[in-house]
Amino acid sequence: MSLRQRDFILRMIEQLAEAIGRIAGLRRAGQLAEAEQLVRATADGLFGPIRDMLDRLDAAGAATLLGDHEKIGAYAALCAEQAAILELRGRGAEALSERRRALLLHLEAVSRAPEGNTRAQEGARALLEQVDVARLPERYRALAARLG
-14 MSLRQRDFIL RMIEQLAEAI GRIAGLRRAG QLAEAEQLVR ATADGLFGPI RDMLDRLDAA
46 GAATLLGDHE KIGAYAALCA EQAAILELRG RGAEALSERR RALLLHLEAV SRAPEGNTRA
106 QEGARALLEQ VDVARLPERY RALAARLG
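Going by the working numbering, the sequence shown opens with residue -14, and the numbers climb by one from there.
Read the hints as simulated data drawn from the structure, not as lab findings. Backbone N, C-alpha and C define an ideal beta-carbon position, used for all residues, glycine too. A few of these clues could be false.
What follows is a set of in silico ranges between Cβ atoms, one per label pair, in the way DEER data are often shown [said to hold, decoys possible]: (1) Ala119 <-> Arg(-4): 33 to 41 Å; (2) Arg(-11) <-> Gly77: 24 to 32 Å; (3) Ala26 <-> Thr49: 20 to 28 Å.
Produce the entire structure from the sequences given, and follow the hints as far as they go.
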């Protein structure tokens, strides 16, 4: 990976961390519409014109489109925030589906990181207790088992 690409990814991670903090603050304050809007705006800003396509693809397809494990982890983190918002809105089934998607994306990021992606590992571990791992495809169950 070139230095320029690495700089871009580092800026993306910084922007994401800042946005996730603001989203979580809005969520805790009960400002769910604003939190959801910030999730969408952050995803649009980070992923541009491919964002709508990412939302339509399964986790493996979205990961392939994003390519880099850091980008996959960023998208997974936004999906996890969206799941938390959906849960607070009383949309449990949608929240569970989005939480499962976030877990699969984190596991994709873990599997594609040559040196390990601690953010993706932590994100996956946080979701393991909230998703029925036994119902995941075998490939993802094996990855989840390795995270323990």
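Here's how the hints hold up against the structure:
no.: 1; hint: Ala119 <-> Arg(-4): 33 to 41 Å; in the structure: holds, 39 Å
no.: 2; hint: Arg(-11) <-> Gly77: 24 to 32 Å; in the structure: violated, 43 Å
no.: 3; hint: Ala26 <-> Thr49: 20 to 28 Å; in the structure: holds, 25 Å
In the structure shown, a violation is registered for the earlier hint numbered 2 alone.
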